[in-house]
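Sequence lines, in order, name chains A and B.
Just so you know, the first sequence maps onto residues 2 to 254 in the numbering used here.
Just so you know, the second sequence maps onto residues 2 to 256 in the numbering used here.
Since the hints were derived computationally from the structure, they do not count as laboratory data.
Don't take every hint at face value.
Stated by the list, open to error - Looking from chain A toward chain B, a few residues come up when the C-beta cut is under 7 Å (computed): (1) L49; (2) A53; (3) W79; (4) A81; (5) Q83; (6) Q85; (7) P88; (8) W89; (9) G99; (10) P106; (11) W130.
Stated by the list, open to error - Across the chosen pairs, the derived CB separations fall in these ranges: (12) A/A225 with B/P174: 18 to 28 Å; (13) A/D230 with B/S178: 55 to 65 Å; (14) B/V4 with A/G75: 48 to 58 Å; (15) B/V27 with A/T133: 50 to 60 Å; (16) B/P174 with A/I57: 22 to 32 Å; (17) B/L93 with A/T133: 54 to 64 Å; (18) A/D54 with B/R181: 35 to 45 Å; (19) B/L25 with A/A163: 53 to 63 Å; (20) B/S200 with A/E128: 49 to 59 Å; (21) B/D159 with A/H190: 33 to 43 Å; (22) B/A232 with A/R111: 37 to 47 Å; (23) B/L16 with A/G122: 28 to 38 Å; (24) A/T133 with B/P174: 15 to 25 Å.
Stated by the list, open to error - Partner residues aside, some chain B positions facing chain A, computed with beta carbon under 10 Å: (25) P146; (26) R166; (27) M245; (28) P246.
For clarity, every value in this text was computed on a predicted model and none was experimentally measured.
Glycine included, every Cβ here is placed at the ideal spot set by N, Cα and C.
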Amino acid sequence: MTSLGFSLSHARLAFSGQWLFDGLSATFAAGSWTGLLGRSGSGKSSLLRMIADLPIPDTHALTLTTSDQRPLAGRLAWMAQQDQLLPWRKVIDNVLLGPALRGRPTAAQRQRAMTLLDEVGLSDKAEQWPKTLSGGQRQRVALARTLFEDAPVVLMDEPFSAVDAITRLELHELAARLLAGRTVLLVTHDPLEALRLSDRILILSDQPASLSDFEVPGGQRPRALDAPDVQRMQSQLVARLHSAPHTNNEGST
Amino acid sequence: MSVLKRLWPALLGILSILGLWQVLVVVTGVPGYVLPSPLSVMQAFASHQQLLWHHAGITVIEIVAGLLIGCISGLGTALALARFHGLRRTLLPILLISQAVPLFALAPILMLWLGYGMTAKIVMATLIIYFPVASTCYDGLRQTPQGWLDLAQTLGADRRRRLLRIQLPAALPALASGMRMAASAAPIGAVIGEWVGSSQGLGYLMLDANARMQVDLMFAALLILVTFGVALYFTTDAVMRRLMPWHEDRIGATS
Chain A
2 MTSLGFSLSH
12 ARLAFSGQWL
22 FDGLSATFAA
32 GSWTGLLGRS
42 GSGKSSLLRM
52 IADLPIPDTH
62 ALTLTTSDQR
72 PLAGRLAWMA
82 QQDQLLPWRK
92 VIDNVLLGPA
102 LRGRPTAAQR
112 QRAMTLLDEV
122 GLSDKAEQWP
132 KTLSGGQRQR
142 VALARTLFED
152 APVVLMDEPF
162 SAVDAITRLE
172 LHELAARLLA
182 GRTVLLVTHD
192 PLEALRLSDR
202 ILILSDQPAS
212 LSDFEVPGGQ
222 RPRALDAPDV
232 QRMQSQLVAR
242 LHSAPHTNNE
252 GST
Chain B
2 MSVLKRLWPA
12 LLGILSILGL
22 WQVLVVVTGV
32 PGYVLPSPLS
42 VMQAFASHQQ
52 LLWHHAGITV
62 IEIVAGLLIG
72 CISGLGTALA
82 LARFHGLRRT
92 LLPILLISQA
102 VPLFALAPIL
112 MLWLGYGMTA
122 KIVMATLIIY
132 FPVASTCYDG
142 LRQTPQGWLD
152 LAQTLGADRR
162 RRLLRIQLPA
172 ALPALASGMR
182 MAASAAPIGA
192 VIGEWVGSSQ
202 GLGYLMLDAN
212 ARMQVDLMFA
222 ALLILVTFGV
232 ALYFTTDAVM
242 RRLMPWHEDR
252 IGATS
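Here chain B stands alone, though its shape is the one from the complex:
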């Protein structure tokens, strides 16, 4: 009830854009292979359901696997950098250089090494989020307020416990924005991978539909990607909020 109340302005906005789109197509008489109307996209969606869900399943697995691996390894790298000072001088420059490599250019090489299966796409999705997650987490871990560090020192904390019980929780808000960003970037990695070379997945389906001038099917595939991207963003957000029950915007709601 209240959810509907909060969502209706957004729904109204989306519906009016769709309405405008439909009117535009009808009025201008633009051919369906250039811009299909929302209604014909829905028709394509309904008639190709099985095909779409099959490819969507593949892409979703790639995205979720990439997201998990990227976030875990990014967080692990950040923790290691914060814990072991000696690592910084070795690892930070490598991280920076690796970030300068354009991932688009890397995709064909990954296909060459890992083949046309899912692995290459998972690696793409992982790579595209690994560095941003590692760097936001590391920044968060370094920006612990001095007062808390002073307290930890006078309380006799060792480095490991200080990192896990003070620096890590203090970095959670920064970490959360890193994760949210990763959630919206991971689909890009997977779809790029599918474009460069594959026989399955929504990216492949879109490329194939494009070649066959099935633009309505392309839009239907895009619709799934967008819906999943939004769902992934909100899921990540919900998980991060659950991890931070003390956070300001939660307190007011629960007490």
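With the rest of the complex left out, here is chain A:
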């Protein structure tokens, strides 16, 4: 897997007749992690879906270019807020979902899925039903499934928001280690998560919305929770998100 950067331009999204954003552009450097923040209704999740070419009900358009000029389709992995494990597939078969949806998984692919489960610390759960796992374990299986695809670009929509705080911190460490070298775009509501994991933080705010940069702490990802920079910037980031005009769609701005 070689790393792959991409950029978007002319991104526009309408919501009930109004442009939520229009003419957005951004570049995501190969191998970098970008945290995308914004208040509810700012359209950040929709932007992520647009990049992944997933269906959204509203009028939208987007131009995507990659660093090697070939299409992004087929080279991205998707991680959603919920782990989206299929309850009728055993843990290992969930990791093997990609090959199973494109054909029939081979023995070598099964072997690789086992290795990945081992890396997320769940090799002993391979033959269990997802129902028997905890929320954190399930999200680790989802991570293994994402890793299996070996995609250079990983899009994550609040992937750690459904687990408790401690589990979330553990998942940060694991994700940062296992997804190193990939171009990651992480939509999150959690300022701390963005500060720990991002090389770059983008805030989507105003109406029509635009993207603005927020300074990130120094040091290697995942940054320590108690690093003074992380603590200080967390309050700044919260203040910045708070002061951003609320882009709600109910009207009054």
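Given chain A's structure and the hints, the job is docking chain B onto it.
Only chain B this time, still in chain A's reference frame:
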């Protein structure tokens, strides 16, 4: 042991209804050709065993054949509708209209076309469950959670595999309730068919017994129908559970 423990409240309820029935008949002295007592039904059952089993065999074959054909064709229709968008506009209105045809009214025509044998009854049983199975399955196939569809798309699934590996298993719980409903509706179709015209089967036997004022025999035939209906329901339920070993109410029991 534990089965008995779970079943005894139900058994107790059934036995007390039977007891009440017996008392009612004895106290009121209602004649046997109006309402036979449970005991005389059991007597009729014992003395007409061979006759009853012969007719029951016919009806059971009709019901099971109708159930299988109806479920398979209903599921097939649902899969085709989910797979080929173009079919929906043609097939859905036809399905809806066909459902509005009262099956009772159709029965004599089926006898006319297919004769008085088993075929007409199997067709009746099939028809009575085909549409409900097709529509519950189709609804189930359409209601796949968006998250799974998103995942399938980003994983590069083709339409056929997405249907078979994601939408179909996701629809199994809906499908199971369709099948259970079909299991209780199929006997109705077969018995209607037998009433309208036949020389064999429990429906025929009941009609014949009615004409001869053998009400106890009618009840004995009814007893077989009820027992078989219940057995069919639980068998279908067990089969559907086997198909869904991951389902919530199974996990707790096995691990």
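Consistency of the hints with the structure:
For the restraint placing A/L49 at the interface with chain B, the shortest Cβ-Cβ distance is roughly 11 Å, beyond the 7 Å limit, so the hint is violated. The interface hint given for A/A53 is met, as the beta carbon of that residue sits about 6 Å from the closest beta carbon of chain B, less than 7 Å. Among the interface hints, the one on A/W79 holds; its C-beta lies about 4 Å from the nearest C-beta in chain B, closer than the 7 Å criterion. Given the 7 Å rule on beta carbons, the hint for A/A81 holds: about 5 Å separates it from the nearest Cβ of chain B.
Among the interface hints, the one on A/Q83 holds; its C-beta lies about 6 Å from the nearest C-beta in chain B, closer than the 7 Å criterion. Because the beta carbon of A/Q85 sits about 5 Å from the nearest beta carbon in chain B, less than 7 Å, this interface hint is met. About 5 Å separates the beta-carbon of A/P88 from the nearest beta-carbon of chain B, less than 7 Å, and the hint is met. Here the hint on A/W89 is kept, as its CB sits about 4 Å from the closest CB of chain B, short of 7 Å.
The beta carbon of A/G99 comes within 4 Å of a beta carbon in chain B, closer than 7 Å, and the hint placing it at the interface holds. A least Cβ separation of about 12 Å between A/P106 and chain B goes past the 7 Å threshold, and the interface hint is therefore violated. For A/W130, the interface hint holds, the least distance from its beta-carbon to any beta-carbon of chain B being 5 Å, beneath 7 Å. Between A/A225 and B/P174 the beta carbons are some 45 Å apart, a value that contradicts the proposed interval 18 to 28 Å.
Distance hint check: the CB atoms of A/D230 and B/S178 are about 56 Å apart, consistent with the given range 55 to 65 Å. Range check, B/V4 to A/G75: about 53 Å between beta-carbon atoms, so the 48 to 58 Å window is met. Distance hint check for B/V27 and A/T133: the Cβ-Cβ separation is about 57 Å, which falls inside the suggested range of 50 to 60 Å. Checked against the given bound of 22 to 32 Å, the beta carbons of B/P174 and A/I57, roughly 28 Å apart, stay inside it.
Between B/L93 and A/T133 the Cβ separation comes to about 40 Å, which falls outside the hinted range of 54 to 64 Å. Evaluation of the 35 to 45 Å hint for A/D54 and B/R181 yields a pass: the beta carbon distance comes to about 40 Å. Evaluation of the 53 to 63 Å hint for B/L25 and A/A163 yields a pass: the beta carbon distance comes to about 59 Å. In this structure the hint that B/S200 and A/E128 lie 49 to 59 Å apart at CB holds, the actual value being about 56 Å.
For the pair B/D159 and A/H190, the supplied restraint of 33 to 43 Å holds, since their beta-carbon distance comes to about 34 Å. A C-beta distance of roughly 41 Å is found between B/A232 and A/R111, which places it inside the suggested range of 37 to 47 Å. Separated by about 56 Å at the C-beta atoms, B/L16 and A/G122 break the suggested range of 28 to 38 Å. Distance hint for A/T133 and B/P174: a CB-CB separation of about 19 Å, consistent with the stated range 15 to 25 Å.
Below 10 Å, beta-carbon pairs count as interface contacts, and B/P146 has one with chain A at about 8 Å; its hint therefore holds. Using the Cβ-Cβ criterion of 10 Å, the hint placing B/R166 at the interface with chain A is satisfied: the shortest such distance is roughly 6 Å. Evaluation of the B/M245 hint against chain A yields a held restraint, the C-beta minimum of about 7 Å falling below 10 Å. Taking 10 Å as the C-beta contact cut-off toward chain A, the hint placing B/P246 at the interface holds, the least distance being around 8 Å.
In terms of the numbered hints stated before, the structure departs from hints 1, 10, 12, 17 and 23, listed from lowest to highest.
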